[in-house]
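**Q** Take the given structure of chain A and dock chain B to it, following the hints.
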Amino acid sequence: MDGRPADILIAAWREGDLAARDRLLERFAPELKAIASAQLRRERGVSFSSGDLVNDAILRLVQMGRISLNDKAHMLALAARLMRRILIDHARQRHADKRDHVRVVLNEELDGEQGPDLIALETALIRLGAIDEGLMRIVEMRYFGGMAMGDIAEVTGLSEATLKRRWRTARAWLADALGAQVALDRDD
Amino acid sequence: MTDPATERAALALFEELIDIRESDRDSWIAARTADPAVKARLGAMIAADRISSLGTGAAALAAIGPAPDRVGAYRIIGLIGRGGMGAVYRATRDAGDFALDVAIKIIKPGLLSDQLAARLAAERQTLAAMNHPNIARLFDGGTLADGAPYIIMELIDGQNADRWAKEKDRRARIALLITTARAVAHAHQRLIVHRDITPANVLVTPDGTVKLIDFGIARSADAATTTATDVHGLGRLAARLLPDPDAELAAIIARATAEDPAARYPTADALADDLAAFDQGRVVAAMNGGRRYAIGKFIGRHRGEVALASMALLLLIGALVAVLIANRTARLAEADSAARFEQTRSVAKALLFPVYDKVARVSGSTAAKAELAQTGLAYLEALAASPDAPHDVKVEAGRGFVRLAEVTGGGQAGQLGRYADADALLARAAQLLEPAFAARPDDPATALAYAALRLEQAGTNLYNNNDADAARGQAGAAEAALRPFARTSPDTAALSITAMQTQGDSFGWNDDYAAARPHHERAEAFVAALPPALAAADRVAEARSSNLRLLGEAAHKTQRPAEARRALDAAIAINRQRLAAAPDDPQRLRKLTTSLWYAGVVHRTNERLREARAAISEAVALARRMVARDPADAGGWQMLAITGEVQAQLLADAGDAAGNAAIAAEMLAAHDRLVALAGDAPGARRSRTAALRTQGTNRWYLKDTVGACRIWRAALAGYDALAARGQLSKLDQNNSRPEVAGLVRDLCVGPVPVWRKVDI
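From first to last, the protein sequence lines are chains A and B. Following this note's numbering, the numbering of the first sequence begins with 1 at its first residue and continues without gaps. Following this note's numbering, the numbering of the second sequence begins with 1001 at its first residue and continues without gaps.
Same shape as in the complex, but just chain A (with noise of 0.2 angstroms):
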């Protein structure tokens, strides 16, 4: 386990060092997970957004004095990726549980009513991760972080321009995949 500091690990990742990262993952992650079981258990059977559980996560994380908001956007795009396994697992075994199926409402941009199924959802995220990881990323942020444009600017490096424009990509790719999906999950 790597002993440094989180806030060395974080100048590091910004850096570019993808295994401070992954420490970095590794570090938060059971607390992020104990506090998103907190809020699934709290919220069962209502629908809540990723967004939420990712700021609600950093800010208890904070509290605890166990990072800065230094590295807000960061921290938030650890945190969205963390969110996206818990969700997914969390979906995983509910699916498994009950074939019942978890509706979350994605931060912002789904319609919460007729919010995809996270399973099909993540299906596709892999599939588009391996066609263009950056793409997937954004997803990600967008999505389970519920982060602004501006927060994501500053962790890709690209300009809003440039990110509303990949975004918006990256959704008229998920639309479309997902319809597929649905179509696909019916057959099994």
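Calculated from the structure, these hints are not laboratory results. Even glycine gets a Cβ: it sits at the ideal position worked out from N, Cα and C. Treat the hints with caution; some may be incorrect.
[Said to hold, decoys possible] Label-pair distances were calculated between CB atoms; the ranges are:
#1 A:GLY157 x B:PRO1390: 48 to 58 angstroms
#2 B:ASP1672 x A:PRO30: 49 to 59 angstroms
#3 A:PRO30 x B:THR1198: 48 to 58 angstroms
#4 A:PRO30 x B:ASP1101: 50 to 60 angstroms
**A** Same frame as chain A, now just chain B:
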């Protein structure tokens, strides 16, 4: 599924295509690729982009289509109105179960494609749960087949407030405003913000019932929207309905619509209260208030200091972001109102207790503390305003107000010196904690909060307002409240010690050290009888060191030098130990400085000059450190003033006129700063005057007769100014003023007074 290369090509083209006009797209695509697979993928993505309700492009501009025949179980029977967002229809229930006419608002498809759709969906649930006679009910909502979101609301047949008001007198208009503000407050307690309070959204039915419509739905999402936005909206509504306000109403409107949100009424209820007060001829808070405005202004002036790079700042940002996000989360979450209430409560708690405590331990954090506290105020008001708030919530809110009093200028801790604000905040805390303690005196948490309030009040009365009798009574009440729990925890033990100490100091402050000493001895005896683990607790050690210092003072003044020295040495030892454990803790720094200062005073009086110089030099250096670290903290200036005063005496004793003048100038500048920070409060002015008196005597001993007389005359003027306001303490009235008056009369005659040896 197509291969990744085709997908990549299609994605790249789509990204560029976004900026191409729709009519040019076919030719543009034809020019860019001939690959039918890429074209097919591109076509699919364009279609998905267009039909997807996610789209933010052309769909948003689409005109409203023809009205649907029905929505859910309702049949559309007419159009009520149309606007930029969509249209509102009248509809009737057509399911054969019961009769109900409703209003259905259908929002243009695509318009809400961004945050709004999510917010609409999220808020619908909370709004539906909101049941208030003056808020139009929301029954249901959803999305039509074409993607248009809709909401089904209570149908209100009424006039809008503007039209209704035309035939009404001022009294009726004020009543409407009060009712509206109370309804808004009800929503705020459930963390729902209306966002657009206008005459058109306040309807009055034929039977006179006020109904607030269009609550918080489908308006531009603005992160800055808070309850203060609605207070502003209510203020504008008042201005519209009351076109010719007299002075008091104008003050109410001005306060509600103040540009700075912090200067507005903290809650919609507070605005309603003030309107009701005006209506009933009672005192209107907006007229004599302005305290919150003053705090806001103060923070505004010190924003630069908040930017000091420090742990405090990080924590502060964390806390403020916590509030913003909690606010946003609260608005979006579909949790029920109880869960929202819980969330607000935990934010207020996190903000005011753990985060505040962490910030308080860092030097240079005064402005940060104030801002933190100020942010918490809004939450506390929200908590306290809830009429059915549980007992422990009221106690928590009360504790929060006591904390705010501490940070905005309490008698004890790091302070900004705004005494008047502390009084107001303590009064608010008392409103909550007095009934809470009366109801549950047997609950330790309640007793602790109540005792903390009484002690803070006592400190403020004694050290800031010169009211020793009131202070003694409050400290006694604190001790009595704690008695059943005094030995159960470090907190109760420490507070008990402070309660006894404060009773002692209420005598010592007015020169009655013989009466003071038994209280300080009582506190020492209490510590001696504590279980060792409790006695060793840091909070207990801290309280004990303060008491030891005052015990030393009382012993010294009652001619018991050995007892005095023992107590003072013990206090210094405790404080050195505590500071060594946390060298950056400003509170510990202050404690050590205080105990060194007082030991120096006692050494000097007992003519142990070497010991006196050593202790005072160390104390002055520590005080300068405190001031340098946080110039906004009155505590540091206070220490510089009192240690500088003794240093000036010691240098005068040694015949060092230049050294005395230098430290005296530094000391008097510190007093000026304190008077300014305290907003001219009597305690600060009294201290400054006492310092002048002493320095005049120093100059006389240095044979600077002109300087001495000038300074004494200034001191005399200071006492007379205090006396004119009825703020001269007994000590000054009986001793200090007559003494200085006598000196001026006897020694300062003629243009150049002649020096002679006198026993001053």
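**Q** Tell me, in ascending order, the numbers of any earlier hints that this structure violates.
**A** As far as the earlier hints go, not one is violated by this structure.
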